[in-house]
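Enquirer: So the chains spell out like this:
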Amino acid sequence: MVTRSLQLGYWAAQEQYSPDTLLKFAIRAEIMGFDIIVTSDHFHPWSDTGGQSGHTWIWLASVAERTKKVEVGTAVTTPLFRYHPAIVAQAFSTLDHLYPGRIFLTVGTGHAMNEVPLGYSWPGYREKVGRLKEAIEVIKLLWEGDFVTYEGEYYRLNTAKLYTKPKSKIRLYVATSNERVAEIAGTHTDGILTNPRGLENLKEIIESMEKAARRAGRDPSTLSKCMEFKVSYDLDYQRALRAASFWAPTAIPREKREKVADPRVLESMVTEKEIEKIKRTWLITTDSDDIFKALGDFLKLGFDRVYIHSASPNEERFLNLLGREILPWMREYWEELRAPIRSAAE
Amino acid sequence: MGEISASIGFINKIVNNLYELDNKATEDIYTDIRSSGVIVPSAEGRTKGALSIFCSELAKMKNGKVVIDRGDIGFPARHIDEAAPTLRRRFGQISLLILSGSGKSLLPLIDAQKLALLIAKSENYKDHKIDVITSDPESPLGKLGYKYGTLMVLKGRELSEDKIDTVEFRSVGILEDVFILGGLLFLYGLAETLNRDAPASQIREYIASFTSEVTKVVEDVVRSDFMKTVVDMLEKRHVCFLAGLGSSREVARMTAVRLGHVKRAIGDQVYVAGDASTPSPRAGDLLLVISQSGEIEVVAAWCKNFKKMGGVVASIVGTKGSTIEALSDYSYYIPSNSFDGGPNDFYLKAAFASSPIPLLLVYKLQERGLKLPEYILRWHHSVTS
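For the protein sequence lines, the chains are U and B, in the order given.
Per our numbering, the very first residue in the first sequence carries number 1; after that it's consecutive.
Per our numbering, the very first residue in the second sequence carries number 1001; after that it's consecutive.
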């Protein structure tokens, strides 16, 4: 049984902020005590109004250079269409070569908005999962192997070799809110990333991952459980809610938004229902105690990597609040959960 | 160093913790302080008292340093990041010196984060240092010290895993004693080394020398009639006032916080003389005065007034035959030294000499069958700092 330490991450949303602003936030986040800077990897943002979308990998190199100790990585890179998995392997291998031990990669099946504008057609669920599994195999083969030949249903490698290898083992995670992908995570990767929407069937997801890990002869306790925690904080509730509404297109039911690639269309599809859903799935709050309680609940569920994704109107102030009032006590709480001071009966 | 004091076991803990200090960190912190043009101290609560005593001695020393507190009227801005360019221009390298057992104290954390942001932005690591002394290297302040200056781990603020009984109190201290007094002892060793312009390797020797002196003071004071009388008086249902000026006031404050926790548990209050919320004394109340010279007029006036109102004055003084000693009903003399313009060790000795007071009071109350609140028994430190 492996004892894990709590890793707290700051989610740098490429879709919302320009790369230079995000870089400032990331530097501040390290100083405020975060262990991880995690960033989204998009071609199009979710909203047209105020949307941004810098190239994540270039930004990651800049962040790694300007910070000293934090882990840096993505959530979520889609190695299916616009990024060939071999190029993903090469990019992250280079990053790890430059900043050994500080790089991680999270992969997932992605969104149409990032692939369709570049001329790809958006496939069904079965193909996406098939591609993801093959992409993970390709990435790992290139990181670990020499000349690689791979014959998959979707990807082929013809005596391909990654000449610049990673200096350390790059941690690889898979984003999922379903059991099928969790199985792939358990077999091939270092853990899963989920978000509050995945909590409904969390037990099944974890079981599926752990079962697959055992089948593959791996120790399930070595696998991480990562959570994206979404929060908008301000002294004024309405202001916090308005800021979080930037992400309302993410609340459109998947079947409706699945094939929409234009952020203008996505934005126009937002109704009161989506805003209500944002209120339920994001923590919109004026009280730092609420954040502590919500994060504490995730820790109780066994998440050991928690990424705080904020849409707060004043991000710098929020980072200060996290650094002073939340993170130190989250670590203490994590220790207490593992070694309670009082017995449960009390 | 090693096992020195038998009667008050937490002194042994302090000594052992100092023995375990990392040599490299000790040298680094010494180098940082030595090369800095100005020191900005940052701490909270009782820890601030210990840091203030050190800084006050540092500023007074022959080979002293410029010390500017964030709360000083002359501090050139509201926050340290705004003040840093001015301080650098005037004095050169800035050392933000932080003493925090938990590594989470809010004010030092704000200072450290602001200075760290300035360093990260300017990438000027040379002119700004964040020097942190803490028990928790994984704390926010510990991490900032590690990255932007020096992190020195001094044990003493750990949570007790076991159920603590009052008797065991004597071996674990009360409310962060072990960390704060250990920190003060280390800082005195540092000040002495600085004043003598000695190499960093000498710090341990000076700490050992101070240690043997404070241990002797503690051994003597706990066996003294003075201590017996003071503890007997504290057990009675009277209010206790503590008084002093300058560094003595810091010692008085440090004692008042710890004593306050215990006295409040039996329904009484403890005040520091001269504070805005300090009430007038009543007949029978106790005034505990700490004074090195024993001649501070204001403090002597407090003693006179106190006695006029029927109070009892007890004092810890550093000068025999002084006015305050003469005005006191009970007095304890601590001989003090200052080598060639170096730090005066009276305040260090007085802090150690007064540290057993709350412990002995707890012990006495336990003998009478009074059980103290669990939070005092369980924690070695204040829950609020």
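Honestly, the hints are just simulated from the structure, not real lab data.
Virtual Cβ for every residue (Gly too), placed ideally from N, Cα, C.
Hints are not guaranteed to be accurate.
Claimed, not checked - The calculated lysine to aspartate or glutamate pairs, modelled on EDC-like cross-linking and capped at a C-alpha distance of 16 Å, are:
(1) Lys68(U) - Glu1123(B)
(2) Lys69(U) - Glu1138(B)
(3) Lys1121(B) - Glu65(U)
Unchecked claim - Partial list, derived from the structure: chain U residues whose beta carbon lies under 8 Å from chain B:
(4) Ile27
(5) Met32
(6) Gly323
(7) Leu327
To be verified - Beyond 12 Å from chain U on every Cβ pair, some chain B residues (computed):
(8) Met1061
(9) Lys1143
(10) Leu1144
(11) Glu1235
(12) Gln1269
(13) Ser1293
(14) Phe1339
Enquirer: Run every hint past the structure and note whether it holds.
Expert: A quick look at each hint next to the structure:
| no. | hint | in the structure |
| --- | --- | --- |
| 1 | Lys68(U) - Glu1123(B) | holds, 12 Å |
| 2 | Lys69(U) - Glu1138(B) | holds, 13 Å |
| 3 | Lys1121(B) - Glu65(U) | holds, 13 Å |
| 4 | Ile27 | holds, 5 Å |
| 5 | Met32 | holds, 6 Å |
| 6 | Gly323 | holds, 6 Å |
| 7 | Leu327 | holds, 7 Å |
| 8 | Met1061 | holds, 33 Å |
| 9 | Lys1143 | violated, 6 Å |
| 10 | Leu1144 | violated, 7 Å |
| 11 | Glu1235 | holds, 31 Å |
| 12 | Gln1269 | holds, 30 Å |
| 13 | Ser1293 | holds, 41 Å |
| 14 | Phe1339 | holds, 41 Å |
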